[in-house]
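**Student:** Given two chains presented individually in distinct reference frames, assemble the corresponding complex, making use of the accompanying hints.
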Amino acid sequence: MSRLARLGGALLLTATMAGSTQAAAPLARREVLPNGAVLLVAERPSLPIVVIRVSLPAGAVRDPADGLGLANLTADLLTRGTARRSGPELDQAIEFVGGSLEADAGRDSAIVTLSVLKKDLALGLDLLAEVLRQPTFPADEMARKIADIQASLRRAEQSPETVAARTLGPLIFPGHPYGQPTAGTVESVGKLTREQVVAFHRLHYRPDGANIVAVGDVTEPEIRRALLQRLAGWTAPSAALPPVPAPAATVTASNRQITRDLSQTTVLLGRPSIRQDDPDYFPLAVATYVLGGGSASRLYTRVREERGLAYSVYAGAQPGRYGASYLVSLQTRTDAVAEAVKLVREEMARMGREPMAPGELELAKSYLIGSFPLRLDTSGKLARFLGAVEESGLGLDYPERYKERIGRVTVEEAQRVAAKYLDPATFSSVMVGK
Amino acid sequence: MVGMLQSRALSLSALLLSLALVGSASAQAVTSGPARFPVTEATLDNGLRVLIQEDPRNPIVAVQIFYRVGSRNELPGATGLAHFLEHMMFKGTPTHGRGEISRLIELNGGRDNAFTTKDMTGYHVSIAADRLDLVLGLEADRMRNLLLAPAEIDSERKVVMEERRTRIDDDPEGVVYEAMSSIAFLAHPYRWPIIGWMSDIARINPGELRAFYDTYYRPNNAILVIAGDVKAPAALAQVRRHFGPIPRGATPAPVTALEPDQSDERRVIVRKEAAQLPVVNIAWHVPNFRSEDAPALELLSTLLSEGRASRLYRHLVYDKRMALGAGGEYSYSSLDPTLFWFFATLLPGQSPESVEQALLAEVEQLKKEPVPAEELTRARNQIEASFVWEQDSVFTRASVLGRFEMLGSWRMLDDFLPKVRAVTAADLQRVAQRYFPLDRKNVSILLPAEPATAAAR
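Protein chains in written order, with my numbering: chain A, 852 to 1285; chain B, 24 to 480.
Where hints are given, some of them may not hold.
[Said to hold, decoys possible] Covered by chain B, per the in silico footprint, the following chain A stretches (three or more residues, Cβ under 8 Å):
| no. | region |
| --- | --- |
| 1 | 893-907 |
| 2 | 996-1005 |
| 3 | 1107-1115 |
| 4 | 1144-1153 |
| 5 | 1209-1218 |
[Said to hold, decoys possible] Okay, the calculated beta carbon distance ranges per label pair:
| no. | chain 1 | residue 1 | chain 2 | residue 2 | range |
| --- | --- | --- | --- | --- | --- |
| 6 | A | GLY1246 | B | GLY120 | 40 to 46 Å |
| 7 | B | ALA174 | A | ASP1248 | 48 to 54 Å |
| 8 | A | LYS1193 | B | LEU383 | 52 to 58 Å |
| 9 | A | GLU894 | B | THR63 | 25 to 31 Å |
| 10 | B | ASN228 | A | SER1105 | 45 to 51 Å |
| 11 | B | ARG80 | A | GLU1251 | 18 to 24 Å |
| 12 | B | THR279 | A | GLU1251 | 57 to 63 Å |
| 13 | B | ASP284 | A | ARG935 | 50 to 56 Å |
| 14 | A | ASP1186 | B | PRO256 | 52 to 58 Å |
| 15 | A | ARG984 | B | ARG263 | 54 to 60 Å |
Because the hints were derived from the structure by calculation, they are not lab data.
Keep in mind it's a predicted model, so treat the numbers as computed, not measured.
Here a beta-carbon is modelled for each residue, glycine too, at the ideal position from N, C-alpha and C.
Okay, chain B solo, but in the shape it has when bound (with noise of 0.2 Å):
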């Protein structure tokens, strides 16, 4: 799925961000787990949020700085423009020429990226702990001085526009995930791409650019995370030291677009000559992490796709030999309400009309019969253990803590498991009912082109 964008394609998995939701860093390691990773937090008279999280495993550390700006701060007819100054920030300042940047941190055996998701852009950069200060010293650098040269700015475009072509364009299963986003959301900007229309991209003018970097990129907009190889106390005076001077700017205007409740069923047939394997998506609209019901949904996406012996794996792959792969996909950690995804992938010879009512039996049956203890627990453990797994890295680390401050607090990491833990095979019952009805489902379909025979007959 297209849920973030990288910067360059030698990059991290962009998986492991967008799955960063069953995040690590929990509430057990702060709190009553392990104290060795505490979290040190701070927030400047300049309104810069940090968080700092010493760990002496290595002798790296992460520095990540998440802007609250994402696609969903844009408007029709600008689309893709968070990411397309995502890829100006790599431009220059007047210190900090073209690309030096990146090019110093390498020369420091560092190794820098950035994403953009629809809720934030993120910047983030692995080096020897050592190398701190020059991190900070850049990131502040081009947080207020980047300079967005107009010539610069129509070289990159076509980069971003190349970009679009190898994501979306070119590659089939990126056009209909696009088209659902199209489909499911009218009012809200989640109905366009990350990285915008193909037209605003081309569109775009520098001065657009100059003042969506005005607006977003000030430290009252800003969460600064590090984890590694650091002291609380000393990274935090050099943090004051590098954002300290830099000003307030105006608090951004909140996004205001409310996705009205859908009333009627909507689909979207995409066919496209590359195709191969017919996909078939099922989505409905579900609340995100402020509603009471997303550790149910977050439990029931685990259960329906987390490995091979999760539901729609076991039954649609292994069993009736439909899919090549299934599953179902929630995002917890979405700043506004999305969707939650039923998709597969046909296995050759299968008709997207039986395996679209494969995936909607399974809906069913999940509204008409508790789910047995064993797959409950399962899936519970299953979070439970990826919570530790995901501590060893201190990347993922910093990522996830940026990620829960974006949405309140990282102190809501602490609420995580209890909740996913006090979930019942009632309540995945009851949510299926509530929120995945039959009459009012989006879906999408990819299909390989009509063979050109066919629409001569």
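Just chain A, with the same shape it has in the complex (with noise of 0.2 Å):
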């Protein structure tokens, strides 16, 4: 996934509801199901679609430090053959109603999506059960897979964007997993074996831990049953799912140069930030935005618009379920390197050194309560929302507290936390480029 889109996931959830004097509706209904799994269902009748999504424990996070990619490849071999179809023969079911069923690994989770028209929901939900419960894991479409998988590594350092996460991850999460790429690298998935696979999958993909989104044109009840009927025999297995340790919260903060021949230089900054957990997390959600979240921003303004030394220049937060990253990021031409990053990291400084404007509180206030519903305007954002609340422990309450939260958020506390995570010495630094 690109920055860009990383960053995007990272913002839905720093949205709310809009409308301060309407009462919000609940956004889905939530409950337990016996084997532990939390399924949440949103109604959205007018449409004949449904989208299924359900999540797993099974993220790039839980990689054995010898066998970086392994959730990435499990996850990517779920769709390509069960104990009743072959990979081909799941593409070509499942393609010939015009539907689609994907499996991703993410950092935090491994993802499968299920989006079909309604009528063929029961051939979607069969479809859907076998890839979680019966994926037979084919050595030949393993082969295949690795294969694919470095060929796509290997064509992501044409991208400097992609390069420079790259190396700045491990400068952010020293010796934790959110530090090491997602999908591994050619050595680490080249040394991966079937038997790490299968193991993978059955400590991982298990009911305790998953939570099933449905979002679109079924009932609760219906949509239960169905469920229920399919998974019937998915139990936790015995053995615990292993913990997940906590990133480090500050690190030294250091450089790297990586170079390339490029026109330009692509500058990323990056430390480690705060969950949604922390109280501080609104007021450095709202210096967020008047730093580098809209075109109006401090970055924006000063480095693109007056200055015309970029094309993209931003900053955001990146709150994963175990810890949080920073980045800020711009592209600028090789001889104005110096001069950007300069202005960059003076905009970061003075958040924390001035108050800001009241205009601009307003601002960031304004945007991020008031441009909620746009977040929410597919039942694909929607399933995506609301697995990504579940999956951080949020509660489904969280649009309200957090338009609250933001609401209260005074110019002071913005310049405060600023201060305590937007100080540019705190910051490693990657540049790819001349």
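**Tutor:** As structure tokens, then:
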């Protein structure tokens, strides 16, 4: 996933309900199924479509140190063969009805997503259950997938932003899996064995710790019954899910330069940050918006609008389940790097040094609170939001709490957290270019 | 593919719009299907076309204005004007200074962005539905009152140059895409990149931007689409109030360039040190939506590319293990005829020659044997399902309505699915035979730079 896309995912959680006077309808109904899986259902009957998103505690954060990329490979292989169908048969079955069934591992979780017309829901759920419960990890499919992942990793070397992000990861999260590449490395993926995949699946694709989100033209009893029917016998293994350690809250900043023959230099600054369960998160969200969130932000204004130094410049927090990072990024022509980086660092420092203008505070609050409905305006977006809120343990009332907390942020609070979390001296940096 | 350019990096997926030809808001929705999203249409006295689609499911509205101007309206020596001007649309009017339009939209909880394609320039805002009036006021203001201050132009020029470096110069696949267009088109403006050549971006002067703006940013050259939680009569009244006073402009001159029939084979090889995996593209000139053959070409592209069961994925990626990805891309709604692309990104160790031959063998197969019924039905079902899915988003529905209106009328959406359903295996075979001649193809290949040692040998 690109960094921008991941930033988008992070922003998803920094959202809340618009219209402070109206009472918020519950986003979804939540229940815990007998096997421990959480079911969240949002009924949207207006179009004959259904999205089912299953999240499992099987993300790259659970990769063994000597098996980077195992979570990603395991997720990729779910749709490559089950006890009943080969990979191509699965592809054909779902695509024949114009649907899709995809499995991917992210940093925290593996996600299996079914998108299907209502009339084909039964077929879709059959395939989804097979993929979750009875993947066979055929050896030939595994060889194919490993070669594909290795080729994708090589291709990503073409992208300076990806190179920068891969380099920065271990500087922000030294010794923690968050610092490692989600898909592993060409070398690590080449060493993965089928036994590792089978064992990883057995331990991590478990109902306790899983959540299932259903959005669309379904009712809660209907989807509940359909799922229970197909997931009977899916119970938690006796072995406990291994705990994931928290990353260090502070690290010593360091710098890296990666030389590439490019006309631009990609600059990526980063440090550990805080999650939504930290009270400082809300003033930090406001400060972030003022610094580098929108087109009126200080970075956008000074670096792009006034000086023409970059097409893309932004700052943002990326909260995860076990920790968070904060990134500031820009791309500029080689001979402007020094000036652009100086401007960026100066604006970061100024956030903590001076109070923001009341107008800046108002803009940030209005945007963060008011843009919430835009983040839930399709079934797919709503499913991702519900899943993310559940995974992070934020609770279905998170939007309301968020709105309330953002609304209470003061200029002083924003300045205080900016001094604490946006001090440029605490950021590691990576530059990719000449 | 560099099908469109967005004004800001933090933006919605460009892909969404570039693939929007398999649109939403289908004929089904408007005529026979669910009547819940009807379209109200109007043309103001000044020529502004207005489409309003009511959809009360979410308390939001998508407001999109499309100008009938893109890189096809430019001339050599001043390429990139349309896109440059799009950037300037955020740089202020006498009423709303630089950045003020976006700031007001964000202050009201909305998001805005813009894009330029070869055919058009679009501005879109998504916002709480009760803020429609604000957005209409802002769009009406910048339709005619842009400042185009020389200092702002020079500052934004640098931003556009950075954008070109990011998207094309430092992206090997961007370079090879640009190279293909420049060999396949000799006479038509589709020859140059949407963002323009670097030397033109560096040179374009305020007078040219002003003249371009005055020519194309007129109500009679624009389509305004509103989709969301609004009432059409009230929304139309607001549109009239904001846009009604703007005078009609002269009708812009049509683009007259016609690409001559290709009678030769053309090849270009791009070597980039940064390239990790070679890419092979093969493209042929094909007709656009105006042709009876367009639905067959559309279906063919779906059948070749959509999903892991699609033909090129199945054969080149899965069975032969030659490519990491492969497909066939067609632009149904291109205003002028453009290219049908076959493409493959190679797996390490594969030779471009053998992958080119494999792609050509697929083309020959399409000519020789009718596509099996299962494949044809799957592609049809995929297109039909995508129509339903795209109705889920007011943003997508607004952009598809605008796109089809650009072609002549949003009502052409009514015909799209029936035409796709009517395509037969024989049609697919016939269009492959007609449009993909082996001796008149365009080939572009991306290769990693020759190792220094090899050159020294």
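**Student:** Indicate, hint by hint, whether the structure satisfies it.
**Tutor:** Here is what the structure says about each hint:
1. 893-907: holds (count 5)
2. 996-1005: That given contact holds, which follows from 6 residues of the region 996-1005 of chain A lying within Cβ reach (below 8 Å) of chain B.
3. 1107-1115: holds (count 5)
4. 1144-1153: holds (count 4)
5. 1209-1218: holds (count 4)
6. A/GLY1246 - B/GLY120: 40 to 46 Å: 42 Å Cβ-Cβ, so the 40 to 46 Å window holds.
7. B/ALA174 - A/ASP1248: 48 to 54 Å: holds (49 Å)
8. A/LYS1193 - B/LEU383: 52 to 58 Å: holds (53 Å)
9. A/GLU894 - B/THR63: 25 to 31 Å: holds (29 Å)
10. B/ASN228 - A/SER1105: 45 to 51 Å: This hint holds: roughly 46 Å between Cβ atoms.
11. B/ARG80 - A/GLU1251: 18 to 24 Å: Holds, at about 21 Å.
12. B/THR279 - A/GLU1251: 57 to 63 Å: Since the Cβ atoms of B/THR279 and A/GLU1251 sit about 59 Å apart, the hinted range of 57 to 63 Å holds.
13. B/ASP284 - A/ARG935: 50 to 56 Å: Given a distance of about 52 Å, which is inside 50 to 56 Å, the answer is holds.
14. A/ASP1186 - B/PRO256: 52 to 58 Å: holds (57 Å)
15. A/ARG984 - B/ARG263: 54 to 60 Å: Holds, since A/ARG984 and B/ARG263 (Cβ atoms, about 59 Å apart) stay within the stated range.
Going through the hint list in order, the structure satisfies each hint without exception.
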